[in-house]
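**Q** So the chains spell out like this:
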Amino acid sequence: MNIHKIATHLNQLADDTETGFNFDCTPINGDIDVLQVEIIGREEIPIFLSLSDNQILCIAYLWGEDEVITDLRSNMMEAMLEMNVPMPLSSFAKVEDKYVVYGALSVNSSLDDIELEIVTLSDNSLEVINEMDSYLN
Amino acid sequence: MSIFRKIITAVRGGAREAGEAVVDANSTRIFEQEIRDSEKHITIAKRDLTEVMAKQMQAARELGQLQASIKEHEGYAMQALNQNNEALAIEVAEKIAELESSAADQQQANESYLKSADRLKELIKKSERQLTDYKRQLSMVKTTESVQKATSAITDNFTASNSKLLNAKDSLERIKQKQAMFDDKLKAAEVLESENGDSSLQSKLQEAGIGAQQSSAQSILDRLKSK
Chain A
1 MNIHKIATHL NQLADDTETG FNFDCTPING DIDVLQVEII GREEIPIFLS LSDNQILCIA
61 YLWGEDEVIT DLRSNMMEAM LEMNVPMPLS SFAKVEDKYV VYGALSVNSS LDDIELEIVT
121 LSDNSLEVIN EMDSYLN
Chain B
1 MSIFRKIITA VRGGAREAGE AVVDANSTRI FEQEIRDSEK HITIAKRDLT EVMAKQMQAA
61 RELGQLQASI KEHEGYAMQA LNQNNEALAI EVAEKIAELE SSAADQQQAN ESYLKSADRL
121 KELIKKSERQ LTDYKRQLSM VKTTESVQKA TSAITDNFTA SNSKLLNAKD SLERIKQKQA
181 MFDDKLKAAE VLESENGDSS LQSKLQEAGI GAQQSSAQSI LDRLKSK
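If you read the protein sequences in the order shown, they are chains A and B. Per my numbering, the first sequence starts with residue 1, numbered consecutively. Per my numbering, the second sequence starts with residue 1, numbered consecutively.
So that you can see chain A by itself, here it is in the shape it has in the complex:
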């Protein structure tokens, strides 16, 4: 599995999609290959996909530390911990100063599994922002 194979698959899905969404994938070059996956209609919250030796990581950036209402920070974190198990396929995490939701898959996952992971992650991130906006500026 490599990100170009995933990009080609998602870009050409069109009407054959299992999830009802269309995708626009752009590889980002760097030390390691990252794929930026935009779901059409949800371009503002892209999913970033990267590959390591044994797993595929899909990350959606939610908000930065600067967007959190300081007094409610610990309440927000507690809510995130409580939501972590019920939230399907995704978990909360923090990368540098950004809060994220992410999902990890085996490198042996099928392309359909990857599509489902991306869409679920996107659904989860929209719902999380919607439900947790009381903690944000």
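Honestly, the hints are just simulated from the structure, not real lab data. Be a bit skeptical, because a hint or two may be false.
[Said to hold, decoys possible] Straight-line alpha carbon distances no greater than 30 Å define the calculated DSS-like cross-link-like pairs of lysine-lysine that follow:
id : chain 1 : residue 1 : chain 2 : residue 2
1  : B       : LYS55     : B       : LYS95
2  : B       : LYS178    : A       : LYS94
3  : A       : LYS98     : B       : LYS149
4  : B       : LYS121    : B       : LYS149
5  : A       : LYS98     : B       : LYS169
6  : B       : LYS178    : A       : LYS98
7  : A       : LYS94     : B       : LYS142
8  : B       : LYS135    : A       : LYS5
9  : A       : LYS94     : A       : LYS5
10 : B       : LYS126    : B       : LYS55
11 : B       : LYS176    : A       : LYS98
12 : B       : LYS115    : B       : LYS46
13 : B       : LYS178    : B       : LYS40
14 : A       : LYS5      : B       : LYS71
15 : B       : LYS6      : B       : LYS125
16 : B       : LYS115    : A       : LYS5
17 : B       : LYS142    : A       : LYS98
18 : B       : LYS149    : B       : LYS46
19 : B       : LYS121    : B       : LYS135
20 : B       : LYS135    : A       : LYS98
21 : A       : LYS94     : B       : LYS135
22 : B       : LYS149    : B       : LYS135
23 : B       : LYS169    : B       : LYS149
24 : B       : LYS125    : B       : LYS115
25 : B       : LYS6      : A       : LYS98
26 : B       : LYS176    : A       : LYS94
27 : A       : LYS94     : B       : LYS149
28 : B       : LYS40     : B       : LYS6
29 : A       : LYS98     : A       : LYS5
30 : B       : LYS6      : A       : LYS94
31 : B       : LYS71     : B       : LYS126
32 : A       : LYS94     : B       : LYS169
Treat the numbers as computed from the prediction; the structure is a model and nothing was measured.
Based on these hints, arrange chain B on the given structure of chain A.
**A** The following block gives chain B in isolation, referenced to the frame of chain A:
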């Protein structure tokens, strides 16, 4: 220090400066070398185990043969005694003593091989557990590095394209607006569709001369003439 603690310390302690890795590349390479060495040791230990087990089986087989031979000779000695041939009986007894000594040696070898096999099995299990743990730790280091590199690639990409990540609420608002616009378009299309449906029915009715008829020039002329 455990890798878990190293990662936490590095991430918390601001070791996230550009180019600074959680565990420097050299230590990662040493770690990978350790894993390869452990795998090699396990392979050698497994080969040794096979050899020891083969020798143990051989010793057990020889011991069995010696014990059978001892029994056989005991029978011969009894027969010689029954024939009052003491000299022959003594000769056989000497042979039995020799066989018993060999059997004792084989017994000892057999037990020693069994112990070695047990020790090697335990060692292999322990090394395999250790190896799994090494691999888990290395995977943690590599994943942390991969996330850091991915994040820096993403950040660079946003900087390069002069765009930036919107804040969460604005992003959601824009997505919702797009969704609402899409829904509106869908509704408008449905309305248009149903209106077209109505008009086509209207024209069918007109063709059939049912309902209000369009006034034609001829019908107006007819109306004027009748006045």
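**Q** Take the hints in turn and mark each one as holding or not.
**A** Hint by hint, here is what the structure shows:
Using a Cα cut-off of 30 Å, the hinted pair LYS55 of chain B and LYS95 of chain B holds, with the two alpha carbons roughly 26 Å apart. The straight-line distance between the Cα atoms of LYS178 of chain B and LYS94 of chain A is roughly 28 Å, inside the 30 Å bound, and the hint therefore holds. For the given pair, LYS98 of chain A sits about 15 Å from LYS149 of chain B by alpha-carbon distance, which is consistent with the 30 Å threshold. The suggested pairing of LYS121 of chain B with LYS149 of chain B is violated, with an alpha-carbon distance near 42 Å, which exceeds 30 Å.
Simply put, LYS98 of chain A and LYS169 of chain B have alpha-carbon atoms about 14 Å apart, close enough for the 30 Å limit, and the pair holds. Restraint check: the Cα-Cα separation between LYS178 of chain B and LYS98 of chain A comes to about 25 Å, which is no more than 30 Å; the hinted pair holds. Straight-line distance between C-alpha atoms of LYS94 of chain A and LYS142 of chain B comes to about 17 Å, which keeps the hinted pair within the 30 Å bound. Restraint check: the Cα-Cα separation between LYS135 of chain B and LYS5 of chain A comes to about 27 Å, which is no more than 30 Å; the hinted pair holds.
Simply put, LYS94 of chain A and LYS5 of chain A have alpha-carbon atoms about 28 Å apart, close enough for the 30 Å limit, and the pair holds. About 23 Å separates the Cα atoms of LYS126 of chain B and LYS55 of chain B, which keeps this hinted pair within 30 Å; it holds. Between LYS176 of chain B and LYS98 of chain A the alpha-carbon distance is near 22 Å, which keeps this suggested pair within the 30 Å criterion. With a CA separation close to 15 Å, the supplied pair LYS115 of chain B and LYS46 of chain B stays within the 30 Å bound.
Only pairs whose Cα atoms come within 30 Å are accepted, and LYS178 of chain B paired with LYS40 of chain B is rejected, the gap being roughly 59 Å. Under the criterion of a C-alpha separation no larger than 30 Å, the hint pairing LYS5 of chain A with LYS71 of chain B is inconsistent with the structure, at around 74 Å. Restraint check: the Cα-Cα separation between LYS6 of chain B and LYS125 of chain B comes to about 27 Å, which is no more than 30 Å; the hinted pair holds. With a CA separation close to 53 Å, the supplied pair LYS115 of chain B and LYS5 of chain A exceeds the 30 Å bound.
For a cut-off of 30 Å, the pair hint linking LYS142 of chain B to LYS98 of chain A stands: about 20 Å separates their Cα positions. A distance of roughly 39 Å separates the Cα atoms of LYS149 of chain B and LYS46 of chain B; the hinted pair therefore is violated under the 30 Å criterion. Distance check on the hinted pair: LYS121 of chain B and LYS135 of chain B sit about 21 Å apart at the alpha-carbon level, within 30 Å; holds. Between LYS135 of chain B and LYS98 of chain A the alpha-carbon distance is near 28 Å, which keeps this suggested pair within the 30 Å criterion.
Between the alpha carbons of LYS94 of chain A and LYS135 of chain B the distance comes to roughly 24 Å, so the proposed pair stays at or under 30 Å and holds. The straight-line distance between the Cα atoms of LYS149 of chain B and LYS135 of chain B is roughly 21 Å, inside the 30 Å bound, and the hint therefore holds. For the hint pairing LYS169 of chain B with LYS149 of chain B, the CA-to-CA distance comes to about 27 Å; that is within 30 Å, so the pair holds. Our distance criterion of 30 Å between C-alpha atoms is met by LYS125 of chain B and LYS115 of chain B, whose separation comes to about 15 Å.
Restraint check: the Cα-Cα separation between LYS6 of chain B and LYS98 of chain A comes to about 21 Å, which is no more than 30 Å; the hinted pair holds. As the CA atoms of LYS176 of chain B and LYS94 of chain A are separated by approximately 25 Å, the hinted pair is consistent with the 30 Å bound. Taking the CA atoms of LYS94 of chain A and LYS149 of chain B, the gap is about 15 Å. The hint holds against a cut of 30 Å. Pair hint LYS40 of chain B plus LYS6 of chain B holds up; C-alpha atoms about 27 Å apart against a cutoff of 30 Å.
Between LYS98 of chain A and LYS5 of chain A the CA atoms are separated by roughly 28 Å; this keeps the pair inside 30 Å, and the hint holds. With a CA separation close to 17 Å, the supplied pair LYS6 of chain B and LYS94 of chain A stays within the 30 Å bound. Between LYS71 of chain B and LYS126 of chain B the alpha-carbon distance is near 43 Å, which puts this suggested pair outside the 30 Å criterion. With a CA separation close to 18 Å, the supplied pair LYS94 of chain A and LYS169 of chain B stays within the 30 Å bound.
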